[in-house]
Amino acid sequence: MTNAPILSLQNLTMRFGGLLAVDDLSFDAKRGDITALIGPNGAGKTTVFNCITGFYEPTSGGIHVTHDDGKKFSLEKLPDFKIAQRVHVARTFQNIRLFAGMTALENLLVAQHNTLMQASGYTLFGLFGLPGYRKAEREAIELARDWLERTQLTDRADDPAGSLPYGAQRRLEIARAMCTRPVLLCLDEPAAGLNPRESDELNVLLRSIKNETRTSILLIEHDMNVVMEISDHVVVLDHGKKISEGTPDFIRNDQKVIAAYLGVEEDAVEEIEAEVGL
Amino acid sequence: MEYFLQQSINGFALGSIYGLVAIGYTMVYGIIGMINFAHGDIFMVGTFIALIAFLILVAIGITAIPLALFLMLLIAMLLTSLYGWAVERIAYRPLRGSFRLAPLISAIGMSIVLQNYVQLAQGARVKTLQPLITGTHTVLDLGNRFVVQISNIQILIVLTTLALMTGFTWIISSTSLGRDMRACEQDLKMAALLGVDTNRTISLTFLIGAALASVAGMMYLLYYGVIDFHIGFVAGVKAFTAAVLGGIGSLPGAMLGGLLIGLIETYWSAYFSVQYKDVAAFSILIVVLIFMPTGILGRPEVEKV
Amino acid sequence: MSATRTGNASVLSHALKDALIAAIVAFGLFMLLLGFLTDDSRGPLRLLSRPVLLATTVGIVFVGRFLISLLYYNAAALRYYLGELWTAICNFAREFKIALLVVLLLIGGGWIFFSPKDWPLILITVATILIGVRFGFSAALLVFAALFPVAFYNNPYFLGIAIIILTYVMLGWGLNIVVGLAGLLDLGYVAFYAVGAYSYAIIAQAYGWSFWVCLPLAGLFAAFFGILLGFPVLRLRGDYLAIVTLAFGEIVRIVLLNWVSFTNGPNGIGSIPRASFFGIPFNATDEGFAAKFGLEFDPTHRTVFLFYVILALALITNWVTIRLRKLPVGRAWEALREDEIAVRSLGINPTNTKLTAFAIGAMFGGFAGAFFATRQGFISPDSFTFPESALILAIVVLGGMGSQIGVAIAATVMTASFELFREFEQFRLVIFGFAMVGIMVWRPRGLVSTREPTAYLKERKTISVEHVAEGRG
Numbered sequence: 001m002t003n004a005p006i007l008s009l010q011n012l013t014m015r016f017g018g019l020l021a022v023d024d025l026s027f028d029a030k031r032g033d034i035t036a037l038i039g040p041n042g043a044g045k046t047t048v049f050n051c052i053t054g055f056y057e058p059t060s061g062g063i064h065v066t067h068d069d070g071k072k073f074s075l076e077k078l079p080d081f082k083i084a085q086r087v088h089v090a091r092t093f094q095n096i097r098l099f100a101g102m103t104a105l106e107n108l109l110v111a112q113h114n115t116l117m118q119a120s121g122y123t124l125f126g127l128f129g130l131p132g133y134r135k136a137e138r139e140a141i142e143l144a145r146d147w148l149e150r151t152q153l154t155d156r157a158d159d160p161a162g163s164l165p166y167g168a169q170r171r172l173e174i175a176r177a178m179c180t181r182p183v184l185l186c187l188d189e190p191a192a193g194l195n196p197r198e199s200d201e202l203n204v205l206l207r208s209i210k211n212e213t214r215t216s217i218l219l220i221e222h223d224m225n226v227v228m229e230i231s232d233h234v235v236v237l238d239h240g241k242k243i244s245e246g247t248p249d250f251i252r253n254d255q256k257v258i259a260a261y262l263g264v265e266e267d268a269v270e271e272i273e274a275e276v277g278l
Numbered sequence: 001m002e003y004f005l006q007q008s009i010n011g012f013a014l015g016s017i018y019g020l021v022a023i024g025y026t027m028v029y030g031i032i033g034m035i036n037f038a039h040g041d042i043f044m045v046g047t048f049i050a051l052i053a054f055l056i057l058v059a060i061g062i063t064a065i066p067l068a069l070f071l072m073l074l075i076a077m078l079l080t081s082l083y084g085w086a087v088e089r090i091a092y093r094p095l096r097g098s099f100r101l102a103p104l105i106s107a108i109g110m111s112i113v114l115q116n117y118v119q120l121a122q123g124a125r126v127k128t129l130q131p132l133i134t135g136t137h138t139v140l141d142l143g144n145r146f147v148v149q150i151s152n153i154q155i156l157i158v159l160t161t162l163a164l165m166t167g168f169t170w171i172i173s174s175t176s177l178g179r180d181m182r183a184c185e186q187d188l189k190m191a192a193l194l195g196v197d198t199n200r201t202i203s204l205t206f207l208i209g210a211a212l213a214s215v216a217g218m219m220y221l222l223y224y225g226v227i228d229f230h231i232g233f234v235a236g237v238k239a240f241t242a243a244v245l246g247g248i249g250s251l252p253g254a255m256l257g258g259l260l261i262g263l264i265e266t267y268w269s270a271y272f273s274v275q276y277k278d279v280a281a282f283s284i285l286i287v288v289l290i291f292m293p294t295g296i297l298g299r300p301e302v303e304k305v
Numbered sequence: 001m002s003a004t005r006t007g008n009a010s011v012l013s014h015a016l017k018d019a020l021i022a023a024i025v026a027f028g029l030f031m032l033l034l035g036f037l038t039d040d041s042r043g044p045l046r047l048l049s050r051p052v053l054l055a056t057t058v059g060i061v062f063v064g065r066f067l068i069s070l071l072y073y074n075a076a077a078l079r080y081y082l083g084e085l086w087t088a089i090c091n092f093a094r095e096f097k098i099a100l101l102v103v104l105l106l107i108g109g110g111w112i113f114f115s116p117k118d119w120p121l122i123l124i125t126v127a128t129i130l131i132g133v134r135f136g137f138s139a140a141l142l143v144f145a146a147l148f149p150v151a152f153y154n155n156p157y158f159l160g161i162a163i164i165i166l167t168y169v170m171l172g173w174g175l176n177i178v179v180g181l182a183g184l185l186d187l188g189y190v191a192f193y194a195v196g197a198y199s200y201a202i203i204a205q206a207y208g209w210s211f212w213v214c215l216p217l218a219g220l221f222a223a224f225f226g227i228l229l230g231f232p233v234l235r236l237r238g239d240y241l242a243i244v245t246l247a248f249g250e251i252v253r254i255v256l257l258n259w260v261s262f263t264n265g266p267n268g269i270g271s272i273p274r275a276s277f278f279g280i281p282f283n284a285t286d287e288g289f290a291a292k293f294g295l296e297f298d299p300t301h302r303t304v305f306l307f308y309v310i311l312a313l314a315l316i317t318n319w320v321t322i323r324l325r326k327l328p329v330g331r332a333w334e335a336l337r338e339d340e341i342a343v344r345s346l347g348i349n350p351t352n353t354k355l356t357a358f359a360i361g362a363m364f365g366g367f368a369g370a371f372f373a374t375r376q377g378f379i380s381p382d383s384f385t386f387p388e389s390a391l392i393l394a395i396v397v398l399g400g401m402g403s404q405i406g407v408a409i410a411a412t413v414m415t416a417s418f419e420l421f422r423e424f425e426q427f428r429l430v431i432f433g434f435a436m437v438g439i440m441v442w443r444p445r446g447l448v449s450t451r452e453p454t455a456y457l458k459e460r461k462t463i464s465v466e467h468v469a470e471g472r473g
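Protein chains in written order, with our numbering: chain A, 1 to 278; chain B, 1 to 305; chain C, 1 to 473.
Just so you know, the hints here were simulated from the structure itself, not pulled from any lab data. All values reported here derive from a predicted model rather than from experimental measurement. Glycine included, every Cβ here is placed at the ideal spot set by N, Cα and C. Hints are not guaranteed to be accurate.
[Claimed, not checked] If you want a taste of the chain B side facing chain C, the calculated C-beta under 7 Å gives, among others:
{"#": "1", "residue": "ILE52"}
{"#": "2", "residue": "LEU55"}
{"#": "3", "residue": "LEU57"}
{"#": "4", "residue": "LEU82"}
{"#": "5", "residue": "PHE99"}
{"#": "6", "residue": "GLY109"}
{"#": "7", "residue": "ASN116"}
{"#": "8", "residue": "TYR117"}
{"#": "9", "residue": "VAL244"}
{"#": "10", "residue": "ASP278"}
{"#": "11", "residue": "VAL279"}
{"#": "12", "residue": "ILE284"}
{"#": "13", "residue": "ILE286"}
{"#": "14", "residue": "LEU289"}
{"#": "15", "residue": "MET292"}
{"#": "16", "residue": "ILE296"}
Assemble the whole structure, with the sequences as input and the hints as a guide.
Rendered as structure tokens:
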């Protein structure tokens, strides 16, 4: 087991034409931690995610993931599907992307594609139903069943994903990402659109993922209830730059962060707080 | 050099015709996002209407060429746009907001209907019209064995295309119809919410597209003098290729794509082989799309994750 | 607008108004193209006028639109009565299931008694219905297909049509992999059909290898072309993909047309070796099939043999597709149709996934092409034009994308009606085109608009099509 951080960003910069979306960003996410990435709208959080998961190729800078066995990967030049396939970084999306016409169970089976593909001898053994593949498929269904239980979706396993209620779709997307057996799970606003009870359940789920599967989590979130309660480390972005990082308690009281959220200069914060009676 | 110049002139005339047809594809695609597969056949119907209109004009004694041409143009535009409107009304409007492939299949159905209807009505034989506009001008004569010429019909084609393009650009940029069309192109639902009569706008789009195709059809008839019920398919595929090459949804793109396809085809026929001219046009389409997946002037598609 | 609210007089006047407008539009549409005929049979082009034809057509449009309007304004009532009738029929059938079966058997028995000559036809009807009642529609269709040559042995015309239908069923199933499962719109599928046919014809003629050796080769060549097409177009989406596949189909056809030294150009390739029964040819010689099996020579033997060959090929296509859907590669196809970005986020290589869909779909097209070549004995580029691609695509879409049984039904109905009305020539094509429009308006997602899940935890529930995507590729 290595002590290196699971994820390390060095001087990451992403430019779209004239727009500098991410500006020289560096931070580490520790192994086994829940790291939260917060910031006002348009701060560049999702862009950072898209760079990490390979949907965008960063303009410059480095992204490194180190596995438990010490194996190190550079992500900045890898295409999206290879990052998921080889480096085992899984993600969810801000606007849910499920396979709506497939059942919840099928969604989780698609996530185990690479394992099953090998077991099916790249389709050939599977075509003739050889025992090796049948066993692998049973195991895949078992793993899916396990995750359906953890996300309380067992009853809806055979319903099309598109017919599930919003909160269930969010959970199913997390279950699907977990079925790829990731070392790093990137969640893009998992609590968006959830009611308070559902967001509490989400906290429980994320904690259990952290404690039971030892998967590190990187999370973008606006819901401060979720962020403050479960994250071990918080990184704050504004206008593509890191303005602060530290424990939730530290961030909660950081003037720079409050200023960024209020959209004012740092020295104006106390004035405003006095005005609203804080 | 002279040979090259001559081929460029020929290619330009052919490209103008493709461009006019391509506008119909690109407009419809821009607004309702469907490939109007029957558009090539609307072009073909346009050639037939122009032919019959001309023969009627001759029969009733209007033989002054400019007047005959003008009336021919008017009748062709009017009646062909009626076809464009009818096709939209019958085959596409009931499918508005339906699944993506349904209008495509419906359009293929309409294309089959139009082709076979014209074959039934006018027979399968090729119709030949004597050239109406003759005469050529020498553009360049260096005293070599080759003289570069431009014919009156080529001048007419390019001028008509220019005039129509100007008029059309004016409609799009400066009239309330044009504004409605641009709004529908951006967001059909939102335009409807803001009180744009989307059905009317879409109908008018088909109407204008068909009218432009009929002008192209008439030019084709005058230029080549040979038509049959089957020309719509090849012309349609070429024009659609032109629209995609230029960047579908973009009007200048359609014209540019049309000219490019016309030029490529002509150069290829002149320098390599006539048989493989379509292969050349299609191969260039494929190559361009590989490097510019949304065409030359199309808006680059940013993948929203 | 319901009849009760508007009143009958008003309905009538509305309908009349509609009909009048339609007639005016029809007059505008038909005035030149139907009203006049350009005739060049004697010398230069001249015009003949056809007022009667024009008047009749406009009249038909007027009356037709009037009737449709009447029906439309009374649609609610009409739908109600039709629904009642249908429920009554269903109830009756459920109540008297056994009695109906007995009646059916009695009719069959009586028919055999009075006309023993027809026994195969009766056998196939009764067997199909019995199997259908017990095991469902698909099984009935299979039994019907398997017994078809027995029942129609004396009717080579029907057998011929059945062979054509099965060829299209197979092509439909092949394209279904690409369009229905992977959601990639392919407008040039006929290219693979052509590649299969030409590779079979050329290999079989050049090397004299038998059908059973050439068939897999033809499939492999077609699959190779599928990959060849797949590579450049993988980056393209939606309608760009559609136009490039169309262009590819045209390129293949133009090359076949012009590469005379290799393909014999527009004249096509003739006297292609016929398929043999494991080395025994179907001819009247002593070495022929009839002589070997002690039968009298009959050209129908070959037809029946071809029927079973294409039936087997089609069933293999079906079996492979059904198996593939339940394998990771098939699930990845469907996932790709639903959401490509999500597929990539799960570590699935979209390039390979699309390529396998193209290659496997193309392979079945190639098999069908090889069969076509050996059945016809003659092929030319004329058989591989764009309308052919459009027809196969229409079969897939009309059948219901992704549904095997739907595609089979659509292929049967379309090809059969196409063949049976051959004497009406262009008129049948006009109707055919309108039918395509009509079916799309009636059922935009095709005949079978449900999706069967490929795995289940507790119970298998059919998925309504409203959730299923069509793919943007």
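Given a cut of 7 Å on the nearest C-beta pair, is the interface hint for B/ILE284 held or broken against chain C?
10 Å, violated
Hint B/LEU289 vs chain C: min CB-CB distance below 7 Å?
6 Å, holds
Grab the minimum C-beta distance from B/ILE52 to chain C and call the hint holds if it beats 7 Å, violated otherwise.
Interface hint status for B/ILE52: holds (4 Å vs cutoff 7 Å).
Given B/VAL244 as an interface hint, is the shortest Cβ-Cβ distance to chain C below 7 Å?
Where the cut-off is 7 Å and the nearest Cβ of chain C is about 5 Å from B/VAL244, the hint holds.
Regarding the hint that B/PHE99 lies at the interface with chain C, is the smallest CB-CB distance below 7 Å?
The hint holds - B/PHE99 has a Cβ within 7 Å of chain C, the shortest such distance being about 5 Å.
Close enough to count: is the Cβ of B/ASN116 nearer than 7 Å to one in chain C?
4 Å, holds
Identify whether the interface hint at B/ASP278 stands, where standing means a beta carbon of chain C within less than 7 Å of its own.
Because about 6 Å separates B/ASP278 from the closest Cβ in chain C, which is inside the 7 Å limit, the hint holds.
Restraint satisfaction for B/TYR117 [CB to CB of chain C, less than 7 Å]:
6 Å, holds
Double-check B/VAL279 for me: the hint is only fine if its C-beta lies closer than 7 Å to a C-beta in chain C.
5 Å, holds
Per the CB criterion, is B/ILE296 less than 7 Å away from chain C?
Result: violated, 13 Å to nearest chain C Cβ.
Per-residue hint verdict: B/LEU57, partner chain C, C-beta under 7 Å
11 Å, violated
Regarding the hint that B/ILE286 lies at the interface with chain C, is the smallest CB-CB distance below 7 Å?
6 Å, holds
When each numbered hint is compared with the structure, violations occur for hints 3, 12, 15 and 16.
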